[in-house]
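*Asks:* Sequence:
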Amino acid sequence: MSTSRMLRDAHLSFASVGTTATVTTASTYASSSAPLTSDELQRIAQLIENDPRILMEVVARLDPQSRRRLVVAGGAMEWFGKESAAQEVEKADADQDRQISPKDFDHWFESALKRRQEEQKKRVTEGKQVTHAENGVSATASTAPSDVPVSNTVPLAALFMIALEAALPFVGFGFLDNSTMILAGDMIDGSLGFYLNCSVLASAAMGNVCSGVLGMQVHGLIDNTVQKLNLNTPVLSEEQLKDRRVFLAGHLGGTLGIMLGLILGMLPLLFLDGDTNEKSDYAMFQRWDINHNGFVELPEFEKVLRELGLHQTDIRAKNLIDKYGENNRVNFEQFLQIKADLRDGKPIFD
1 MSTSRMLRDA HLSFASVGTT ATVTTASTYA SSSAPLTSDE LQRIAQLIEN
51 DPRILMEVVA RLDPQSRRRL VVAGGAMEWF GKESAAQEVE KADADQDRQI
101 SPKDFDHWFE SALKRRQEEQ KKRVTEGKQV THAENGVSAT ASTAPSDVPV
151 SNTVPLAALF MIALEAALPF VGFGFLDNST MILAGDMIDG SLGFYLNCSV
201 LASAAMGNVC SGVLGMQVHG LIDNTVQKLN LNTPVLSEEQ LKDRRVFLAG
251 HLGGTLGIML GLILGMLPLL FLDGDTNEKS DYAMFQRWDI NHNGFVELPE
301 FEKVLRELGL HQTDIRAKNL IDKYGENNRV NFEQFLQIKA DLRDGKPIFD
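Residue numbers (full-length UniProt numbering): 1 to 350.
Just to be clear, a hint being listed does not mean it is correct.
[Stated by the list, open to error] Ranges between beta-carbon positions, derived for each pair:
1. R98 x E49: 28 to 34 Å
2. L70 x F194: 23 to 29 Å
3. E119 x P234: 33 to 39 Å
4. L269 x S237: 54 to 60 Å
5. E78 x A157: 25 to 31 Å
6. N230 x A94: 27 to 33 Å
[As the list claims (entries may be wrong)] Derived BS3-like pairs (lysine-lysine); straight-line CA-CA distance at most 27 Å:
7. K122 x K91
8. K303 x K318
9. K121 x K82
10. K91 x K114
If you are wondering where the hints come from, they were derived from the structure by calculation, not from laboratory data. Every residue gets a Cβ at the ideal spot worked out from N, C-alpha and C, and that includes glycine.
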């Protein structure tokens with residue numbers, strides 16, 4: 001019987017009992033249609049068993065969340081029995097948002113696999129104990145210390161993968177945090193900080209605020225990117241997770257990861273202009289502009305020249321304004337020209 005024929009027969013069977021099956025989205029659990037009868041469910045199961053392509057078509061038409069729910073239910077029945085399927089689906093929805101996200105599915109799969117391995121190990125141990133008991137061997141001999149290290153010792157390769165998995169997210173976060181702080185701090189230092197006469201540290205602190213806010217927005221994106229790498233991270237038992245070396249591997253990996261990320265985040269320093277003369281010149285211009293009107297006027301020039309210990313300050317100040325300024329005053333651009341000539345060793349009073 002062809003696939004189309006079986007699907008057509010199933011449709012006629014459903015229509016005869018007046019039942020309409022509605023495929024729901026991942027965000028809903030209930031449906032307005034009447035529940036399928038036992039015979040109808042058996043009919044669908046037979047169709048899928050007779051032609052596996054039907055199952056592939058049905059699964060392909062499901063949304064991702066429903067596919068994950070289907071895998072959780074099927075895996076739970078296979079590993080833990082039919083009666084535990086509903087409980088396992090609830091466990092998979094760890095955040096109780098009525099959806100099984102990719103992260104929820106990964107966590108459930110790791111947890112279920114560990115529990116499955118623990119059950120298998122327990123059955124093997126119990127079987128050995130029964131065998132030893134039948135042979136006259138005591139239970140203590142069946143759990144000799146020589147067997148413990150073999151099952152609980154974490155290989156060095158597994159520790160390396162644990163450290164690598166812990167390090168990669170911190171590399172990305174450290175790079176993003178430090179580079180954003182430097183770039184944002186430099187922009188603030190050259191704009192807002194320039195006119196407010198903020199120190200470099202103050203501008204860096206404001207840049208750190210920007211990097212912190214950005215980090216909060218993309219930290220989940222970094223984790224998801226690392227998960228897409230599909231690292232072959234080993235699944236550890238409960239006893240292995242208690243091993244201090246596992247904790248140290250994750251801790252050391254995270255530490256080295258954040259250190260490497262922060263170092264890489266300093267790369268923008270190679271491309272930024274480190275010249276701070278303009279900012280210091282503006283700070284000096286503000287100090288000379290006593291009345292804060294945006295110009296250094298003749299009396300203000302005379303006062304500064306007297307503080308510098310020069311003679312004939314009235315004549316020198318007049319010469320400065322006549323050469324660089326206009327209307328007996330100098331604006332900031334003209335003040336910068338005075339400073340540039342001073343740095344080049346050119347005479348400014350002639």
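*Asks:* Going back to the hint list, which numbers does this structure go against?
*Replies:* 2, 3, 4, 6
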